[in-house]
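S.K.: In case you want the letters, here they are:
Number of protein chains: 4
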Amino acid sequence: MLEIKRLSLKEAKILLEGAELKAAEMKVPMCTAIADETGNMIAFTRMDDAKITSVDIAINKAFTAAAAKRATKDYNEIAVPGKPTFGIHTTNQSRFTIIGGGIPVFDGSAIVGSVGVSGGTAAEDETVAKAAIDYFNGKNK
Amino acid sequence: MLEIKRLSLKEAKILLEGAELKAAEMKVPMCTAIADETGNMIAFTRMDDAKITSVDIAINKAFTAAAAKRATKDYNEIAVPGKPTFGIHTTNQSRFTIIGGGIPVFDGSAIVGSVGVSGGTAAEDETVAKAAIDYFNGKNK
Amino acid sequence: MLEIKRLSLKEAKILLEGAELKAAEMKVPMCTAIADETGNMIAFTRMDDAKITSVDIAINKAFTAAAAKRATKDYNEIAVPGKPTFGIHTTNQSRFTIIGGGIPVFDGSAIVGSVGVSGGTAAEDETVAKAAIDYFNGKNK
Amino acid sequence: MLEIKRLSLKEAKILLEGAELKAAEMKVPMCTAIADETGNMIAFTRMDDAKITSVDIAINKAFTAAAAKRATKDYNEIAVPGKPTFGIHTTNQSRFTIIGGGIPVFDGSAIVGSVGVSGGTAAEDETVAKAAIDYFNGKNK
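Chains as they are written, first to last, in this note's numbering: chain A, 11 to 151; chain B, 11 to 151; chain C, 11 to 151; chain D, 11 to 151.
Because the hints were derived from the structure by calculation, they are not lab data.
Some clues are possibly wrong.
Put simply, identical chains are the same to the list, so a pair is met inside one copy or across any two.
Stated by the list, open to error - Here are the computed lysine-lysine pairs in the PhoX-like style, where the Cα-Cα straight-line distance is at most 25 angstroms:
| hint | residue 1 | residue 2 |
| --- | --- | --- |
| 1 | Lys79 | Lys15 |
| 2 | Lys79 | Lys93 |
| 3 | Lys79 | Lys149 |
| 4 | Lys93 | Lys83 |
| 5 | Lys61 | Lys140 |
| 6 | Lys93 | Lys23 |
For clarity, every value in this text was computed on a predicted model and none was experimentally measured.
My request is simple: use the sequences and hints to build the entire structure.
M.R.: See the structure below:
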């Protein structure tokens, strides 16, 4: 039988808190989704004035980072025309998202969930997702 | 120009907290979504061990209660075969949800958002959604 | 070669005007869609405070009434469990709408388009759709 | 509670009128959709002989410009292969449209809705959307 490690809701809320603190500091209202290790959503917040389109994008960045076990930014680089992964962004009913801002969360070597952020540029989204994970790791020490 | 009132994220989190407290008391792990007055999601939590199918259902109960301006339970009663509203549950790309547990949130006479709960029976979901709104109204006094 | 008669945009706007006048008189804010004889939309209005879910429903009532060449109310009656048409509401990517409020517009014996109304009860929607067509026929005399 | 400003139907019709006047002057039949600040449609017209594919495109340009708070033309430039926003056009169930012709409508610094135009080249669509907003601003002085 497999034994799976998965973020709890309590842990997901710490990740959300980390994302919101960083986004507030950057003055960019963000949507943040936390997914479990299968990509299913555990928790989500949309900050006041964040873009409506970012609801879907944040959820699907989190889905992709966990379910494909890789940061969405990496796919942005390898899924361009001429490379063998081109086209992956239309798979999974177009839920496969190749814009930076989705990052897996690890416990040791195991992926236990993910953070997906949308609302700013891809670089800003990535920064906030990383900050959420740093904040979480700091609290878990 | 129309002037619209909408739940803030801070208010949405109070609603979530009210739902989680009631669900914990009932020992039924729930998914709860809070939507704005147009049905777009503001915040969401899935309690540990809640059903995966409830993620979608909670989100769409919240969508329906806000966007159709009516509790989803009401539609369950009027959308049966032989009644004129039969068939409404497949509209809006099947996001129109007619199972109890989605309730609009009012500010005076204006709908400012909604709560959608899924995880137990329809009656349990409805109880948790109502408890969330009572908790919110208690805090806002 | 077939020769097809189709509502013009100018005629569609008269139908919209008729719907809005009746809805205002009834004090029920409505969404109204006008489709051509193939079910493709020509014009649409959402009155202030009308339900968001009614955007999709009005468009698809108009689609159904024109494309299936029959009032949506008729399908409500024949598409119930136990009757041979049961299930038709999930066809056409669930765009086939079986709630009253979608009515074909005729020019002589030819269907030239349709009106789809959503926002009140099915009976209210039907009343507004009929009023739109009466208004149009009155103007066209 | 947040306080939001939104276009009324009366204002949406002025925007439509502006679009139709410009399109007629250019002799290019257009579809024009007006959305509220969340991207939900308020009003729509398809001019006689406009393309059927433009119905969906105009609606989704309006959705994108409002819900992503940015002109669709901007996304066309930043969403190309090799740039970090590549792939955004398949998000939001492919409603995220990156072809010019969708422009937000502002009231001061607040986005209150949007115009989405389709039927000509992207440049022609953009021209008509801008003309609609200029016409609206002229009437609102």
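S.K.: Hint by hint, note whether the structure agrees.
M.R.: How the hints compare with the structure:
1. Taking CA atoms no more than 25 angstroms apart as the test, lysine 79 paired with lysine 15 passes in both settings, with 14 angstroms inside one copy and 19 angstroms between copies.
2. For the homomeric pair lysine 79 and lysine 93, the shortest alpha-carbon distances inside one copy (20 angstroms) and between copies (22 angstroms) are both at most 25 angstroms.
3. In this assembly of identical chains, lysine 79 and lysine 149 lie within 25 angstroms of each other by CA distance solely inside one copy; the values are 23 angstroms within and 33 angstroms between copies.
4. For the identical chains of this complex, lysine 93 and lysine 83 are neighbours both inside a copy (15 angstroms) and across copies (11 angstroms), given an alpha-carbon limit of 25 angstroms.
5. For the homomeric pair lysine 61 and lysine 140, the shortest alpha-carbon distances inside one copy (20 angstroms) and between copies (22 angstroms) are both at most 25 angstroms.
6. Taking identical chains as interchangeable, the C-alpha atoms of lysine 93 and lysine 23 are never at most 25 angstroms apart, the minima being 37 angstroms within one chain and 32 angstroms between chains.
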